[in-house]
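> Given next are the chains, with one letter for each unit.
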Amino acid sequence: MSLNGRYLNTTDAEHQESALYTLVNNRGDFLNLLEQANYPLKMKLTSETAQHDADIEIAHSTTVVAVLYQDGVMIAGDRRATAGTSVIYDRAEKVLQIDRHSVLAISGSPAIAYEIARVLEHSFQYFRRSQLQELSLEGKLRMLSRLIRDNLSMALQGIGAVIPIFALYDLSADENDNGGKIFFYDGLGAHFENVDFATTGSGSIWIRGVLRYLSRFGDTPMHAMDQQQAAITILRLLDIASEYDAATSGYNAKGNIFPNIKTVTRTGVDTISDDDLAAWYAEAQPKAEE
Amino acid sequence: MRDEPYRWIEAIQDRRDYIEDQLRPGSPVVGITYNQGMMLLTIGRGQRKIFEVHDRIALSAIGHPADIERLRMLVTDTASVQGFQNATEDVNLHRLTNYVLAHTFKQAFESIVGEAYIIKMLLAELGSTPEKNLFTAINFDGIVRTDTKFAVIGGTEVIETGMQNYLANAPADADRDLTAALRLSLETWAVGKELSTREPEETDLEETQMDTTQMYKVVDTAREDGEIEAGVLETTLQGASKFRLLTSQEIEAALQ
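Taken in sequence, the protein lines are chains A and B.
Going left to right, the first sequence walks through residues 1 to 290 as the numbering used here numbers them.
Going left to right, the second sequence walks through residues 1 to 256 as the numbering used here numbers them.
The following block holds chain A by itself, in its conformation from the complex (with noise of 0.2 Å):
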């Protein structure tokens, strides 16, 4: 890779090339950068890949969750990663720190799906690096709907699909709001704000209903919650889902393995420590009848 040439400026010709392309990467555009640097941005299919996808066992599904809570957003995702019906992993890291205030929860082929958040991670940085100004918020969430979108064929063939949570705190706004924001993404890339909560993969649809009722008719409205709360309410969450969906996990107990939480706040990003998952997955059991 030479980016050097571009900048430099011995004859009249590079001169007016470099000038170009400072003008035309003045955008702050990562990918475009990558272009120019030919990183294989997309994987190229022929059209009989698709015919080969029944042959190729993909490791997807999951469950993944966003709540708002009194501080922010609170995220979390199981462990599992598998492959048709063979558990292949079971310390996947679903939950993924994007910057200091947004992280991404995935859902769909893993493969793609780091891709993605690395390209978003880098993108954020380079933004903030060459335009010396954070991205905004729409500018982040339009983003991440381009490499959805850019993903489009991978997703039709049915080896590629992401769908993922995007949760960011707003830092503009005010001090006594709550900033937190969570996102949810169509396989096309359109992005929607959910107001409680998004949940997402194979097990979220058992626990779709759940959160509707505690958002509802809870005896302390979610976004009431203190973490601790929350937490505990994701962890059975998360119980409830590896109950009926294959693909999730709960609490392994023989591992000790813990389902992934973190918090989105005006602080940052911050992860909650397996010490404290110990301490309230206890609480989260009903208690034994005396």
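Bear in mind the hints are in silico, worked out from the structure with no lab data behind them.
Please note: incorrect hints may appear among the correct ones.
As the list claims (entries may be wrong) - Where chain A lies over chain B, by a calculated footprint (3+ residues, C-beta under 8 Å):
#1 70–82
#2 155–164
#3 231–241
C-beta atoms are modelled at their ideal positions from N, C-alpha and C, and glycine is treated no differently.
Starting from the structure of chain A, add chain B where the hints point.
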């Protein structure tokens, strides 16, 4: 012109004189280490001069804003692409300096028919341990100086020597906190600024001994139409990106 060696050397010398004349009044930049990382400081007039390049690398420069911008983008783009294609840990200042920047500077300087870069650049890289911290200063002709403790760039060599002497006599950095680092940087900046106001023939280092009151007077004068700009690479910062600009409140607090 290349067929006539004498004229080529003469042209290079003219070019060097021209660039040095342009750089002389530039506001110097000071780079030092402190107990939580590294700091770059200058006093600017509106144009931002301290930048984040990558997770652990910061940049500042003196010279023409258009040249600074172009070369800043070169190194930022290169670091960003390399950090993505490989891993962010694979981006390092040694490679960026020697394989990307230095030869670009040299090539532009010696292509006497092309435009010259009017620039001196100072980069800092936060190491995994304090011993691995690295400063590199790149002159407009592509010559690189590296240091692990401190580095400065100023309009001329005399200015830089004066500032380096001041820093060399400063207390050891192990116990220097952010406030102490900020003050030391400002004092060093004042030494450089004072030297840059003198005519080249008047400059005599023996006569540039200033006490701290005089230094802060120079700083105060500069602040009338300028602003202190300081960026740090801070080991304690959460996440992979270690760069941040100091807030005006932090700077004011240190000056109290």
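> Does each hint fit the structure? Answer for all of them.
Do the hints match the structure? See the list:
With a cut-off of 8 Å between beta carbons, the segment 70–82 of chain B has 10 residues touching chain A; three or more are needed, and the interface restraint holds. Coverage of the segment 155–164 of chain B by chain A is violated in this model, with 0 residues showing a Cβ closer than 8 Å to a Cβ of that chain against a need of three. Counting residues of the segment 231–241 of chain B whose CB lies closer than 8 Å to any CB of chain A gives 3, which reaches the minimum of 3, so the coverage claim holds.
When each numbered hint is compared with the structure, a violation occurs for hint 2 only.
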